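Novice: Protein sequence lines correspond, in order, to chains W and B. Read in UniProt numbering, the first sequence has 27 at position 27, and its numbers run on one by one without any break. Read in UniProt numbering, the second sequence has 33 at position 33, and its numbers run on one by one without any break.
Derived from the structure by calculation, the hints contain no laboratory data. Computed from a predicted structure; not experimentally measured. Do not take every clue at face value.
[As the list claims (entries may be wrong)] Listed next, the in silico DMTMM-like pairs over lysine to aspartate or glutamate satisfying Cα-Cα at most 20 Å (straight line): (1) LYS427(W) <-> ASP307(B); (2) LYS74(B) <-> GLU165(B); (3) LYS219(W) <-> ASP135(B); (4) LYS427(W) <-> ASP278(B); (5) LYS110(B) <-> ASP135(B); (6) LYS166(W) <-> GLU246(W); (7) LYS100(W) <-> ASP164(W); (8) LYS100(W) <-> GLU255(W); (9) LYS219(W) <-> GLU246(W); (10) LYS427(W) <-> GLU127(B); (11) LYS317(W) <-> ASP307(B); (12) LYS255(B) <-> GLU123(W); (13) LYS427(W) <-> ASP136(B).
[What the hints assert, rightly or not] Just the calculated beta-carbon pair ranges, DEER-fashion: (14) LEU287(B) <-> THR267(W): 29 to 39 Å; (15) ARG361(W) <-> ARG138(B): 28 to 38 Å; (16) LEU287(B) <-> SER288(W): 19 to 29 Å.
Every residue gets a Cβ at the ideal spot worked out from N, C-alpha and C, and that includes glycine.
If you want the building blocks of each chain, they are given just below.
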Amino acid sequence: MADSDEEYVGDVTEDEDDLQVTRGDNPRAKRKQRGGAEWELSRTWETLVEGADGTINSTVEGLLEAGKRKRLLKDTTPLQRGIIRHLILILDLSQSMSEKDLRPTRYLLTLRYAQEFVREFFEQNPISQLGVLGLRDGLALRVSDMSGNPTEHLTAIQALKTQDPKGLPSLQNGLEMARGALFHTPSHGTREVLFIYGSLLSSDPGDIHQTIDTLISDKIRVGIVGLAAQVAICRELCTRTNGGDETAYGVALNEQHFRELMMDVTTPPAAYSQKESSSSLLMMGFPSRTVESNPSLCACHSKPSRGGYLCSRCNSKVCNLPAECPSCGLTLILSTHLARSYHHLFPLINWVEVPWRRASRSSACFACGLSFPSVPLEDHWQMAENNTKGMSVSSRYECTACRNHFCIDCDLFAHEVVHNCPGCQSKSTPTRSDVANPPSGGMDITV
Amino acid sequence: MNSVDASEHYELGATDLPPSLLTIVIDTNPHAWALLEDSLPLSKAIANILVFINAHLACNYANEVAVVASHTQKAAWLYPSHNAPRNRSDHEGDVVMNGATDTTTPETNKYRPFRLVEEQVTRNLKEIMDSTTADDLRGNMSTMLAGALTLALSHTNRRTLAWAEEHGGANTEDAAAEGNGNGSTATNRYSASNEDERLQSRILVVSVSGSIDAAHQYIPVMNSIFACQRLSIPIDVCKLSGDAVFLQQASDATKGVYMALAEPRGLLQYLMMAFLPDQRSRRHLVLPTRVDVDFRAACFCHRRVVDVGFVCSICLSIFCEPPPGSDCMTCGTHLDIGDNAKPALLPRRKKKKKRVNGASGTGTPMSTPTPGP
């Protein structure tokens with residue numbers, strides 16, 4: 001972000017953004033969180049209260065912490081999720097993408113985030129498939145085919161950087177091509193389309209409502225990240241294909257929000273109850289790695305290599321996992337790929353804020369040893385408590401299972417990266433198993 | 001952006017190479033150490049590890065170290081000790097001069113960081129061993145590896161954040177994102193582009209326990225491994241006895257070093273030769289990694305090791321053959337047998353019936369999600 005001309009101004013605007021975002025969820029229900037626009041009405045200056053020393057430092061710090069915290073408090077009900085996903089990412093490559101309201105340009109930023117999205121998507125969904133399409137000159141063009149290999153998509157998106165956005169986009173053409181790509185996918189996986197849409201119009205060859213009807217009958221869910229303003233047809237498209245749920249349509253407020261909207265999609269969607277009938281038992285191979293003394297050609301790319309994995313059914317060699325065996329079609333994965341999805345199925349519970357009353361139990365974060373602010377006198381409690389929602393007055397967060405206290409950074413880290421509670425895992429107590437661990441059968445893989 | 005407006009060259013400052021943080025997880029399972037008593041008693045191993053720590057600290061004046069014990073009942077910090085009661089009074093980092101330091105004669109000729117690590121590690125380890133009762137050990141052969149790894153990761157995270165804050169110049173963008181509080185899903189913070197500019201951290205696991213009892217920790221351990229993989233923190237494994245499949249997978253997935261020591265008495269030599277170089281040096285070295293990592297999975301139903309298995313598409317449990325009644329044993333979902341398995345399972349009337357019921361429901365649009373089991 002550091003730009004030589006704008007550095008000074010940059011600091012100020014970033015602060016403002018933060019305040020707006022933080023403030024956004026206070027007055028209204030969280031339901032509309034993705035809808036955008038409500039921040040325009042918020043009075044960010046009113047949240048600033050001078051501290052005892054006459055500065056606003058403490059309030060600003062509190063807001064920062066609340067901002068961190070806000071992203072954490074997601075629903076931790078263990079839902080059935082569509083772990084095996086088929087997703088088509090459709091990028092708007094029309095002339096409206098050359099606008100510079102998102103910097104450097106909408107186009108370049110979209111491509112950068114698209115690459116991050118691909119990486120994160122396969123990180124979170126190792127046994128899923130992804131394809132990338134583009135909308136340019138009223139046509140849909142294929143950027144990369146459906147595959148489970150992130151590098152193919154990354155190079156294809158990288159190649160787009162040398163081209164310029166031009167022409168008008170067509171939602172309908174994009175949807176029809178995505179529908180064609182998703183047509184053959186098996187019914188046990190999800191079928192999803194994600195648009196990054198910078199235009200305010202769609203120049204379609206036919207009736208898009210018919211296309212939406214066919215999408216519904218094909219059980220394809222569409223999500224859209226808008227870059228300009230809300231568009232009625234986009235809203236209708238998302239609402240109808242998601243069974244009345246509006247949250248799949250979001251309009252980016254700024255670069256950061258744009259990124260968040262995209263990254264939200266990497267979490268596997270909850271499976272709907274009607275789809276239960278389509279869950280199935282999949283045959284998969286767990287190959288072992290071999291290293292040969294002489295290089296041989298791999299079946300997937302016909303490139304000579306010494307290392308590789310032999311298909312457990314037909315013994316052809318593939319160079320990377322997860323993959324589908326090119327000769328017999330068996331899905332080849334590592335058991336670790338399966339384990340990587342478990343945290344979606346068995347999420348870590350949210351930690352709760354600790355009031356001053358219970359704060360004296362700890363003086364430092366259990367995990368990282370950061371010392372907490374000491375407990376003030378009792379008559380100061382009330383004053384500190386009207387601070388901000390979402391954050392803990394005492395800067396402590398408590399895991400309800402192991403009753404240890406943690407700092408905000410460890411809270412964030414535990415829920416977003418490790419998906420373990422340091423306290424619960426460090427003590428051998430019977431309560432441990434019912435928090436982050438699955439029911440009995442799920443733990444025996446190593447045996 | 002910098003490449004667009006040609007301001008890239010402003011950021012090329014002369015920065016020192018960042019120091020490295022070494023976190024050592026010591027498996028202190030008394031059962032396993034008792035088996036090693038003849039060749040390498042715990043006291044000797046700790047002495048070797050302390051020499052190794054000193055060597056690491058001596059490589060760069062800013063290098064840091066942390067030591068976690070993975071005991072049978074709990075995982076605990078050996079160094080730095082966070083809850084040391086005697087230090088509670090001073091927040092300035094000064095040593096409190098009270099009776100506590102007088103119990104041992106202070107070794108004034110020793111480099112202070114060496115002495116601090118040595119004192120704390122030995123003292124805390126002694127505390128842990130003293131607090132372990134015979135009851136705790138009875139029938140408990142496992143070690144809290146998942147907890148130790150999680151603690152190590154939290155500490156690494158804290159130090160990485162702190163280091164990035166202190167050296168804001170090196171990665172302004174990250175610091176800004178951090179400061180905003182809206183900046184980071186961790187991938188941003190640890191993206192590969194600035195790998196050279198952040199604190200280099202790695203984890204060394206000195207392991208003695210076998211894997212048999214660790215099965216109940218499988219998912220937490222795997223979660224830690226994936227976290228390491230995401231943050232590109234290598235997990236080095238120094239295996240003194242036994243063999244743990246998931247530690248092999250850990251070092252393989254995070255590109256760390258895995259060594260099973262043929263001769264435990266040579267621990268120090270192994271440590272110095274194989275585990276001392278940090279990530280930057282390792283790029284120029286040929287590392288002693290393992291090539292034949294066991295990746296096969298065991299099924300949930302009979303614990304057979306399988307090459308080809310059946311996987312439930314909802315909960316990802318692995319079965320060696322289609323489960324009876326084609327209901328998943330873990331999550332209870334009724335499963336359609338995929339095309340691949342059809343020949344084996346043609347005469348199954350019950351399944352057909354269900355499918356008819358299911359088909360009636362598919363026509364209606366999908367509504368609210370229901371929580372699973």
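Novice: Compare the structure with each hint and give your call.
Specialist: Checked hints:
no., hint, result
1, LYS427(W) <-> ASP307(B), "35 Å, violated"
2, LYS74(B) <-> GLU165(B), "32 Å, violated"
3, LYS219(W) <-> ASP135(B), "57 Å, violated"
4, LYS427(W) <-> ASP278(B), "31 Å, violated"
5, LYS110(B) <-> ASP135(B), "39 Å, violated"
6, LYS166(W) <-> GLU246(W), "30 Å, violated"
7, LYS100(W) <-> ASP164(W), "14 Å, holds"
8, LYS100(W) <-> GLU255(W), "11 Å, holds"
9, LYS219(W) <-> GLU246(W), "16 Å, holds"
10, LYS427(W) <-> GLU127(B), "16 Å, holds"
11, LYS317(W) <-> ASP307(B), "15 Å, holds"
12, LYS255(B) <-> GLU123(W), "16 Å, holds"
13, LYS427(W) <-> ASP136(B), "12 Å, holds"
14, LEU287(B) <-> THR267(W): 29 to 39 Å, "35 Å, holds"
15, ARG361(W) <-> ARG138(B): 28 to 38 Å, "31 Å, holds"
16, LEU287(B) <-> SER288(W): 19 to 29 Å, "21 Å, holds"
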